[in-house]
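**Q** Construct the entire structure; sequences and hints are all you get.
There are 2 protein chains.
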Amino acid sequence: MNDLTHHTSICGKKIPDFLDTIQAFHGWKAPGIVFGGIMVDLARELTGLEIETDAIVETRHCLPDAVQLFTPCTIGNGWLKILDWDKFALTLYDRKALCGYRVWIDLEKSRRFPDLYNWYMRLVDKKDLPLDSLLNTILLAGRSSLSWRPVRMTRLYERIKKNTIEICPGCNEAYPAAQGRQCLACQGRGYYETDDSRAKT
Amino acid sequence: MNDLTHHTSICGKKIPDFLDTIQAFHGWKAPGIVFGGIMVDLARELTGLEIETDAIVETRHCLPDAVQLFTPCTIGNGWLKILDWDKFALTLYDRKALCGYRVWIDLEKSRRFPDLYNWYMRLVDKKDLPLDSLLNTILLAGRSSLSWRPVRMTRLYERIKKNTIEICPGCNEAYPAAQGRQCLACQGRGYYETDDSRAKT
Numbered sequence: 002m003n004d005l006t007h008h009t010s011i012c013g014k015k016i017p018d019f020l021d022t023i024q025a026f027h028g029w030k031a032p033g034i035v036f037g038g039i040m041v042d043l044a045r046e047l048t049g050l051e052i053e054t055d056a057i058v059e060t061r062h063c064l065p066d067a068v069q070l071f072t073p074c075t076i077g078n079g080w081l082k083i084l085d086w087d088k089f090a091l092t093l094y095d096r097k098a099l100c101g102y103r104v105w106i107d108l109e110k111s112r113r114f115p116d117l118y119n120w121y122m123r124l125v126d127k128k129d130l131p132l133d134s135l136l137n138t139i140l141l142a143g144r145s146s147l148s149w150r151p152v153r154m155t156r157l158y159e160r161i162k163k164n165t166i167e168i169c170p171g172c173n174e175a176y177p178a179a180q181g182r183q184c185l186a187c188q189g190r191g192y193y194e195t196d197d198s199r200a201k202t
Numbered sequence: 002m003n004d005l006t007h008h009t010s011i012c013g014k015k016i017p018d019f020l021d022t023i024q025a026f027h028g029w030k031a032p033g034i035v036f037g038g039i040m041v042d043l044a045r046e047l048t049g050l051e052i053e054t055d056a057i058v059e060t061r062h063c064l065p066d067a068v069q070l071f072t073p074c075t076i077g078n079g080w081l082k083i084l085d086w087d088k089f090a091l092t093l094y095d096r097k098a099l100c101g102y103r104v105w106i107d108l109e110k111s112r113r114f115p116d117l118y119n120w121y122m123r124l125v126d127k128k129d130l131p132l133d134s135l136l137n138t139i140l141l142a143g144r145s146s147l148s149w150r151p152v153r154m155t156r157l158y159e160r161i162k163k164n165t166i167e168i169c170p171g172c173n174e175a176y177p178a179a180q181g182r183q184c185l186a187c188q189g190r191g192y193y194e195t196d197d198s199r200a201k202t
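Just so you know, the sequences run in chain order A and B.
Quick note on numbering: our numbering labels position 118 of the first sequence as 119, and the sequence is numbered without any gaps.
Quick note on numbering: our numbering labels position 167 of the second sequence as 168, and the sequence is numbered without any gaps.
No wet-lab data here; the hints were simulated from the structure.
Among the clues, some could well be false.
Which copy? The list can't say, so a pair holds if one copy fits it or any two copies do.
Claimed, not checked - Derived pair list, reagent style BS3-like, types lysine-lysine, alpha-carbon separation capped at 30 Å:
| hint | residue 1 | residue 2 |
| --- | --- | --- |
| 1 | K14 | K30 |
| 2 | K97 | K14 |
| 3 | K127 | K110 |
| 4 | K30 | K127 |
| 5 | K110 | K163 |
| 6 | K97 | K128 |
| 7 | K127 | K162 |
| 8 | K162 | K201 |
| 9 | K162 | K128 |
| 10 | K127 | K97 |
| 11 | K14 | K127 |
| 12 | K15 | K127 |
| 13 | K30 | K15 |
| 14 | K110 | K128 |
| 15 | K162 | K110 |
| 16 | K127 | K201 |
| 17 | K110 | K30 |
| 18 | K97 | K110 |
| 19 | K163 | K201 |
**A** Below, the structure is given as structure tokens:
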């Protein structure tokens, strides 16, 4: 990717290190995370690197991993929320002032990069668009295929509090009292059946 | 933590490296992720390290990060699903055979470790239980506070497919056609209002 040396770094990492970080976490250099990293890089710069931000992503595909890798926000620490809207957009916002910046892929701008547009709009078969070629296009397009806007949060900005827990009389595990007299699994909403034929000692 | 050297490694990492990995990703050595890492370690051993597994966690607190750090499953790659049940349990399962192992904190067993029990049941104030002391207890308790069972998946095992997308006439962004004639944000379900007073050039 010698033709991409005009990018000095993304999210504070040199390009090869940026790509290696993605591969190590996500299993491969998924184009959505590479593109997502460029979005995070822009959003961090807009909000100011010194500001502690929470994050919202508007799709569960790829983008959550870009935020988790390149900001302190993770699903498990509660600073990242995921909306299952299938929109490739994210917002980083000052968790005290509740204002921040939303960054999204701008379809009009991205038309200048047909591989990027066709990949994003799912107009081309994966086998007809080699990964290295697509990654090159994404890194080349960079911020020029993005738009952004300052926003003020109107909802979804509250940290999720932990619930009051009780011990479920069905399974003897702790569960939130608000779910009823038993936990959801014991209410028949579990996702598994036990299979003691495979029990090990 | 010299008294913990009887643990040689967790999830293939020496204890200090294991703790550093957690801190780097999650921002601090959260006890829930340390404990979660021990659960992942057991579940991986039960399923067999050579098996490609998907994962389900039954809480959004901490445990998703343990799975994302110590297995190839992440939210963004779709191999991890999160149930917001507030139960400290996880299942790793063979994604082809749909069978695997569920691991959970066993309250009865954990009573032998009062700090662990009181922390998990939220019976003690954070300030009365220093982090280092709690982490020591968790590492000492290890698997002896867990139970596990072989399970067969009955639902939630399907990979989430991407939707057919259209361009929203309201915002000109791509969105899933199934959401209606406009995207959810343009239908009034957004989480932000724009604030162009902070626009930058």
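**Q** When Cα atoms must be at most 30 Å apart, do K14 and K30 count as within-copy, between-copy, both, or neither?
**A** both (15 Å within a copy, 24 Å between copies)
**Q** One pair to classify: K15 and K127, alpha carbons no more than 30 Å apart. Within, between, both, or neither?
**A** within (27 Å within a copy, 39 Å between copies)
**Q** What label fits K97 with K128 when the C-alpha limit is 30 Å: within, between, both, or neither?
**A** For K97 and K128, only the inter-copy Cα distance (24 Å) is at most 30 Å; the intra-copy one is 46 Å.
**Q** Given a CA cutoff of 30 Å, do K97 and K14 count as a within-copy pair, a between-copy pair, both, or neither?
**A** For K97 and K14, only the intra-copy Cα distance (28 Å) is at most 30 Å; the inter-copy one is 37 Å.
**Q** Checking K127 and K201: alpha-carbon separation at most 30 Å within a copy, between copies, both or neither?
**A** neither (42 Å within a copy, 37 Å between copies)
**Q** When no copy is specified for K110 and K163, does a C-alpha distance of 30 Å or less occur within a copy, between copies, both, or neither?
**A** For K110 and K163, the Cα distance is within 30 Å only across copies (23 Å; inside one copy 42 Å).
**Q** Treating 30 Å as the Cα threshold, decide for K14 and K127: within, between, both or neither.
**A** Within one copy only: 28 Å inside a chain, 36 Å across chains, cut-off 30 Å.
**Q** Reference check for the pair K110 and K128, CA-CA at most 30 Å: within, between, both, or neither?
**A** within (25 Å within a copy, 52 Å between copies)
**Q** For K110 vs K30, is the C-alpha pair at or below 30 Å within one copy, between two copies, both, or neither?
**A** within (23 Å within a copy, 42 Å between copies)
**Q** When no copy is specified for K30 and K15, does a C-alpha distance of 30 Å or less occur within a copy, between copies, both, or neither?
**A** both (15 Å within a copy, 27 Å between copies)
**Q** Using 30 Å as the alpha carbon limit, work out where K127 and K97 are close: within a copy, between copies, both or neither.
**A** between (42 Å within a copy, 23 Å between copies)
**Q** For K127 and K162, with the copy left unspecified, which applies at a CA distance of at most 30 Å: within, between, both, or neither?
**A** between (41 Å within a copy, 15 Å between copies)
Hint check: violations occur at hints 8, 16, 18 and 19; the rest are consistent with the structure.
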